[in-house]
Every structure is written in C-alpha cells, then in structure tokens.
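Each protein sequence line maps, in turn, to chains A and B.
At position 262 of the first sequence the residue is numbered 262 (my numbering), and the sequence of numbers has no breaks.
At position 165 of the second sequence the residue is numbered 165 (my numbering), and the sequence of numbers has no breaks.
Wrong hints could be hidden among the right ones.
Repeated chains share a single entry, so a pair holds when one copy, or any two copies, can fit it.
The calculated lysine-lysine pairs, modelled on BS3-like cross-linking and capped at a C-alpha distance of 27 angstroms, are [what the hints assert, rightly or not]: (1) LYS282 with LYS128; (2) LYS203 with LYS143; (3) LYS61 with LYS245; (4) LYS143 with LYS83; (5) LYS128 with LYS61; (6) LYS81 with LYS203; (7) LYS282 with LYS203; (8) LYS282 with LYS81; (9) LYS4 with LYS245; (10) LYS282 with LYS28; (11) LYS81 with LYS28.
Hints in this document: simulated from the structure, not taken from any laboratory.
The chain contents come next:
There are 2 protein chains.
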Amino acid sequence: MIEKLCIIGVGLIGGSLARALKEKGYCKQIVGSSRSADHLQKAVDLGVIDSYSTDMQEAVKGADVIIVCVPLGAMEMVFSKIKDVITPDTIITDVGSSKQSVVDAAERAFGEIPASLIPGHPIAGTEKSGVEASFAELYQRRKVILTPLENNNPEQVEKIENMWLQTGAEVRHMSVQHHDEVLAATSHLPHVLAFGIVDTLAKMDSQQEIFEYAAGGFRDFTRIASSDPVMWRDICVNNRDALLKVMRNYIEDMELLYSLIEQSDGEALSELFEGAKGIRDKFNDMLQG
Amino acid sequence: MIEKLCIIGVGLIGGSLARALKEKGYCKQIVGSSRSADHLQKAVDLGVIDSYSTDMQEAVKGADVIIVCVPLGAMEMVFSKIKDVITPDTIITDVGSSKQSVVDAAERAFGEIPASLIPGHPIAGTEKSGVEASFAELYQRRKVILTPLENNNPEQVEKIENMWLQTGAEVRHMSVQHHDEVLAATSHLPHVLAFGIVDTLAKMDSQQEIFEYAAGGFRDFTRIASSDPVMWRDICVNNRDALLKVMRNYIEDMELLYSLIEQSDGEALSELFEGAKGIRDKFNDMLQG
C-alpha cells in the first residue's frame with residue numbers, strides 16, 4: 001500500500017498509472033504536480049488524481065512515493081526542486097526512456113546518487129499523449145524495467161515493484177547500462193531510422209509523388225516518424241552513447257547491403273534476407289503479445 | 001473486352017486480377033500457365049481460371065493479352081518460351097516491381113523490345129501469397145502504374161488500361177526510369193532497411209532478450225522483414241541502380257544524424273525530427289487510403 005503517491009507530470013504515462021492504482025485501491029491519496037493548473041484540474045475532473053499543486057515542493061510533502069513522469073530533459077530541474085523537502089524514506093522513481101541520464105541528473109541535483117532513487121521504465125505507450133488519453137489498462141501484460149542501484153534498500157525496491165504489479169505489468173530488473181543498450185536497439189534506433197527515411201525521401205525532387213505511391217509497408221514502416229520530436233530529441237541526447245554504438249553497427253550493415261546489391265550478389269542477399277525473415281518470424285508471436 | 005487472357009504465374013497477383021475480371025465479365029476465357037499442374041488445378045477448382053496448360057506455348061496460343069506474373073528473375077525465361085508463338089497483335093504485359101529490368105529481359109529474349117510489350121505494376125499485395133490468398137477486391141482504390149514504351153500502339157495501351165480499370169484500380173502512366181526511382185524510394189528502400197535492422201539486432205549479444213523488450217513501434221517497423229527473401233533479392237538485383245542511389249542518400253542522412261547525436265545538437269535534431277513528423281503527418285491520410 002502507498003499512503004501518498006505524488007505524480008510529477010500527469011500525462012498518458014503518469015495518468016494511466018494513477019488510474020490503475022485507483023482501480024486496485026492501492027493508494028490512499030494521489031497528488032499531481034506540473035506547471036499547468038489547467039492540465040492538473042482536468043486530471044482531477046477525470047478522476048485520475050485526488051488533488052494537485054503547481055508548487056512541486058508542496059505536492060511532494062509527506063509522500064511516501066514520488067514518481068517523476070517528465071521528459072528526460074526536465075529530470076534535473078525536478079530533482080533540484082524537491083531535494084530539500086524529501087526525507088530518506090521518500091522513494092523517488094521515474095519512467096524515463098534512458099536510465100543512466102536520470103541517475104546522472106539526480107547525482108548533479110542531489111550532490112550524490114540518493115539511496116531512495118529507484119529508476120524505472122514502463123515499456124508502454126500509445127500514439128496519443130496527455131491525461132485525456134490515459135487508461136487503467138495501459139500496462140496490462142506490458143513490461144516494466146526497474147534498474148535498482150547498488151545502494152537501494154531492497155524493501156523500497158519491492159514497494160515499487162509491487163506498485164507496478166498492481167497495474168498488470170510484468171516487472172523485470174536489469175542494470176542501468178544493460179537497459180540503455182537494449183532500449184537503444186529496440187526502440188531508439190527504429191525511431192531514428194524512421195525519422196531518417198522520411199527525411200531522405202522529403203529531400204527527393206518528387207517528394208509529393210513519392211508519398212502518393214507509398215503502400216502499406218511504407219505506412220507501417222514510418223508510423224513512428226509521427227512521434228513527438230522533442231521527446232525523441234531528448235532521448236537521442238540522453239542515451240547518446242548506447243544509441244551511437246547501435247547506429248554505427250546499423251550503418252555498417254547498410255554499407256554491407258549496399259555492396260552486396262552493387263555486386264548483384266544474389267546468393268549473399270537472399271541469405272541475409274532469409275536470416276532476417278527467420279528471426280522476425282520466430283519472434284512474431286512474442287511481438288504480437 | 002478481352003477474348004482470351006493468358007496469365008503466366010497464377011498466384012495472389014494474377015489470381016486476384018482474374019477474379020476481378022471474371023466478376024465484371026471482361027474476359028471470354030482466362031487460361032493459366034505455370035510449372036505446377038497442382039497449383040493450376042487448384043486455381044481452376046477455386047473458379048479463378050477457366051483452364052490451364054503447364055506448356056506455356058500451348059497456353060498463350062491465340063491469347064489477345066498475356067500477363068506475366070512471375071518473379072523478376074524468371075521474366076526472361078518466360079519471354080524466351082513464348083516469343084515464337086505470339087503475333088504482333090498479342091499484347092504482353094506484366095506486374096513486375098521494377099520496369100527497366102523487364103524491358104531489358106524482353107530485349108534479350110526477343111532480340112529487340114517488342115512493340116506489343118506494355119510494362120505494368122500494380123501497387124498492391126498482402127502478406128500472403130498463392131492463389132488461395134487471391135481476392136477480387138485486391139486492386140480496388142489501389143494504383144496501377146503503366147510505363148508505356150515509345151513504340152507502343154496507343155490502342156493496345158488503352159486496352160491494358162481498361163483491363164486494370166475493371167478491377168477498381170486507378171491507372172497512372174510514368175516513364176520506366178521514373179517508376180524505378182519512385183519504387184526504389186517508397187518500397188524497395190524500406191524493405192532493405194527492415195531486413196537490415198533485424199540483421200543488425202540479430203548480431204547483438206543479447207539477441208533473444210532484445211526482441212523480448214521490443215514494443216509496438218518495433219513490431220510495425222520490422223513487419224516487412226517477414227517478406228519473401230527470394231522476391232526481394234530479385235527486386236534488389238533488378239532495380240539495382242535506382243535502389244543504390246536512394247540507399248546512398250539514406251546512408252548519408254544516417255551519418256548526418258549520427259554526428260548530430262554525437263555532438264548532442266538538440267536544436268538540429270528536433271528540427272530534423274519535426275520536419276519528418278510534419279511530412280509524415282501531412283501524408284497520413286493519403287497513406288491510410
């Protein structure tokens with residue numbers, strides 16, 4: 001049970017968590033905070049949170065769990081604001097898409113990595129954003145990755161794990177570094193590539209016509225290029241090292257494909273395509289889930 | 001009206017055309033041909049074609065329209081087989097994904113580009129293949145590109161255009177070269193990239209785990225990596241020049257993105273992402289259609 005949960009940033013992610021926990025009766029009180037009183041009032045009207053304060057220090061006071069659901073670029077500012085009003089018993093967790101950068105932001109803000117910081121990342125989301133788009137079932141059968149730190153208290157880690165389990169999510173633990181590598185490969189790289197291909201085609205002479213002849217494969221392939229540019233800028237900058245590593249591997253693979261096509265090496269091409277198809281098909285059921 | 005239509009290769013594409021034309025009563029007779037009597041008998045049983053012969057010369061005899069629906073790599077073989085049994089009045093058309101290579105294959109087989117060759121390419125398909133997957137509505141509101149050649153007879157071009165209009169498709173004309181450029185950008189490049197990213201991730205140490213954490217964006221992004229490897233090998237080799245050109249542009253764009261991320265140039269990154277999102281959103285309705 002959580003006595004007082006404070007959600008900083010009440011959008012799709014924070015709002016859906018609040019709705020799920022309310023359904024389970026897992027929190028006595030859920031308080032929201034952000035810059036916009038209008039957005040927070042809407043969250044109250046929708047029954048997502050119980051109350052709010054745009055004064056972050058006011059909002060977190062007495063909370064046993066604070067969950068920070070702001071863009072990666074705003075994490076340090078939030079940590080700096082709350083650091084003087086929290087106690088060692090206050091658990092701080094987050095939902096950021098890269099974890100090392102969150103730990104670094106906390107270290108800069110607190111002067112050390114707080115023992116009560118338990119970084120987390122739910123692998124869930126939709127095309128939409130904002131509290132209006134939130135729903136209690138968002139995390140059902142989704143994975144939530146926690147990246148506990150060495151100095152964390154195991155009981156506090158368990159409390160955050162139990163919180164996520166209430167939402168129907170599967171909770172996994174991994175190291176900060178491993179999280180950042182896995183997410184760079186499975187999420188950050190595809191987004192960069194999707195933005196990249198749309199940019200490439202947009203630079204072509206017959207841009208308008210090109211999109212006109214694009215079929216279903218292209219539509220699916222570029223859907224994620226409609227994602228929020230600012231969020232993805234933040235992710236690229238905050239998970240830079242892991243992303244650059246996998247981008248370099250990918251560019252080298254593209255150069256390999258380029259030379260196989262240049263040499264009309266049909267045998268090597270079909271071998272590579274077959275291998276990729278085999279893996280994609282093998283994981284199809286997993287990806288459907 | 002078509003007196004006798006001969007479809008060489010009765011799968012999803014040829015079968016769906018046959019079904020649509022039968023519904024409209026646009027052909028007096030539809031004859032199929034391919035290597036497999038079993039497949040052809042199934043097409044007869046399904047009511048897709050009226051009759052068949054595995055002897056291609058026998059099948060095309062007396063046809064006013066022959067449509068070649070075989071993989072790009074088999075086009076020259078088909079042209080060589082039929083060249084001695086057709087007359088100048090026999091229209092030859094096809095459904096290949098690249099057009100210059102089809103013209104080249106015809107030139108090699110016939111010793112010159114036949115005046116009755118009217119290259120075509122319906123921009124339609126599903127994940128499935130085979131005549132069992134064919135359906136009359138496949139081409140409704142889809143685009144069919146014809147790339148008429150200089151020495152074509154306009155009446156014969158009109159006849160092929162009318163055939164496709166029966167299926168509910170929109171017919172567009174463009175040059176062979178322009179078709180190959182547009183398709184390289186909108187279809188061939190995305191497929192190569194999708195095979196490429198799955199290959200890149202498969203080479204990583206924690207392959208299994210990586211796919212486990214992949215979410216919806218990744219699923220859509222790599223769906224086309226489940227496509228037929230042999231067909232895509234053929235397309236890469238047959239549309240080599242146009243594909244290499246757009247691949248080079250894309251790799252250069254990836255290198256640009258790499259250095260922007262390396263330099264943590266948030267401003268340039270969000271500008272590029274915003275531009276791509278704007279274009280993708282603008283064409284969203286078009287791509288939904």
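Exercise for the section: Up to 27 angstroms between alpha-carbons, please classify LYS282 paired with LYS81: within, between, both or neither. Expected result: neither (47 angstroms within a copy, 40 angstroms between copies)
Practice task
First find the shortest C-alpha distance between LYS282 and LYS128 inside one copy, then the shortest across copies, and answer within, between, both or neither for a cut-off of 27 angstroms.
Solution key: between (30 angstroms within a copy, 17 angstroms between copies)
Problem - Status of LYS203 relative to LYS81 across identical chains (alpha carbons, at most 27 angstroms) - result: Result: close neither inside a copy nor across copies, 43 angstroms intra and 43 angstroms inter.
Practice task
Measure nothing new, just compare the shortest in-copy and cross-copy C-alpha distances for LYS4 and LYS245 to 27 angstroms and report within, between, both or neither.
Solution key: neither (41 angstroms within a copy, 59 angstroms between copies)
Handout entry: Copy assignment of LYS61 with LYS245, given that the CA separation must stay at most 27 angstroms
Key = neither (41 angstroms within a copy, 60 angstroms between copies)
Handout entry: 27 angstroms Cα threshold - placement of LYS61 relative to LYS128
Key = neither (31 angstroms within a copy, 58 angstroms between copies)
Problem - Copy assignment of LYS81 with LYS28, given that the CA separation must stay at most 27 angstroms - result: So LYS81 and LYS28 pass the 27 angstroms test inside one copy only (24 angstroms; across, 80 angstroms).
Practice task
Please work out whether the CA atoms of LYS282 and LYS28 approach to 27 angstroms or closer within one copy, between two copies, in both situations, or in neither?
Solution key: Neither: 44 angstroms inside a chain and 45 angstroms across chains, both beyond 27 angstroms.
Exercise for the section: First find the shortest C-alpha distance between LYS143 and LYS83 inside one copy, then the shortest across copies, and answer within, between, both or neither for a cut-off of 27 angstroms. Expected result: Neither, since 29 angstroms and 60 angstroms both go past 27 angstroms.
Practice task
Measure nothing new, just compare the shortest in-copy and cross-copy C-alpha distances for LYS203 and LYS143 to 27 angstroms and report within, between, both or neither.
Solution key: Between copies only: 23 angstroms across, 38 angstroms inside.
Practice task
Could you figure out if LYS282 and LYS203 sit no more than 27 angstroms apart (CA to CA) within one copy, between two copies, both or neither?
Solution key: between (36 angstroms within a copy, 15 angstroms between copies)
Comparing the model with each numbered hint stated earlier shows that hints 3, 4, 5, 6, 8, 9 and 10 do not hold.
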